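Chemist: In terms of the numbering used here, the sequence shown opens at residue 115 and continues consecutively.
The hints are simulated quantities; they were obtained by calculation from the structure and are not laboratory data.
Since this is a predicted model, take the numbers as computed values, not measurements.
Do not take every clue at face value.
[Said to hold, decoys possible] Straight-line C-alpha distance at most 25 Å; calculated DSS-like pairs for lysine-lysine: (1) K266 to K242; (2) K329 to K266; (3) K266 to K321; (4) K266 to K184.
[To be verified] Pair by pair, the computed Cβ-Cβ distance ranges are: (5) E191 to T258: 21 to 31 Å; (6) E191 to A253: 20 to 30 Å; (7) V317 to N168: 32 to 42 Å; (8) E284 to K187: 38 to 48 Å; (9) N332 to R241: 30 to 40 Å; (10) A163 to T238: 14 to 24 Å; (11) A193 to K266: 22 to 32 Å; (12) M309 to G272: 24 to 34 Å.
Glycine included, each C-beta is placed from N, C-alpha and C at the ideal position.
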Amino acid sequence: MSQTTFNRTSYGENTVFRRSTSAMATAVLAAAAALLLTTSTTATAAVAAPGFLNGTDLPPHASSPWFAGKVTKGLPENAPFCLEGVLPAAGSWHRTFGTEFDTGAAQISVRTASNTAAAKLVTTLERKVAACAADWLRATPGGTASWQDYGKIAVEEGAHVYGVHASVPESEPGVHLFGIGRDGATVTVVNWGQMGYLTDAPVPAFKKTTTTAVKKLNP
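All chains should be built: construct the whole structure from the sequences, respecting the hints.
Modeler: Right under this line is the structure:
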């Protein structure tokens, strides 16, 4: 008993000190863990996939429903016509859509580092699409191509719709619509295509699709 009493008396201050140190260390570790969790949550939120279109948001097909693929991180295996090599892989997600016939679509969205970077990417994409018909003709002797600027849409930071037609002799013509828009630092491109000409394109319905795509980016 005396030995036990001696240890408690002689080392009482050290025991308190050790307990205080242990409590302080626990508190520091808890605070660090909380900070790490907050940082991790913030980082996860920052890189979360933007909102995407559903099949029902696309221009209705006369003979088939739209089938939607999964929202997938990164760029699609094959870039949409006119947009080869201009969309960054970093910060990108995509979703492809198809029908039972020749009509297909894709949406690609990119979370950029800033509003300035997003605006720059939009400019690059618009210039690429506007020059697509001429670029395709230079690379395709004997082909025919045309394009149409269908105007801007007042949604979030803005959107723009274009159409491009291209064909080669003894082959079916193809028509494509492009909706390019931005909400803050997030950019989206919607591409719709099928066999046909610009006169066959569902422009009013596609403008609604583009508007919906931009509104869904940051719900």
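Chemist: Under the constraints set out in the numbered hints, which ones does this structure not fulfil?
Modeler: Structure breaks hints 4, 7, 9.
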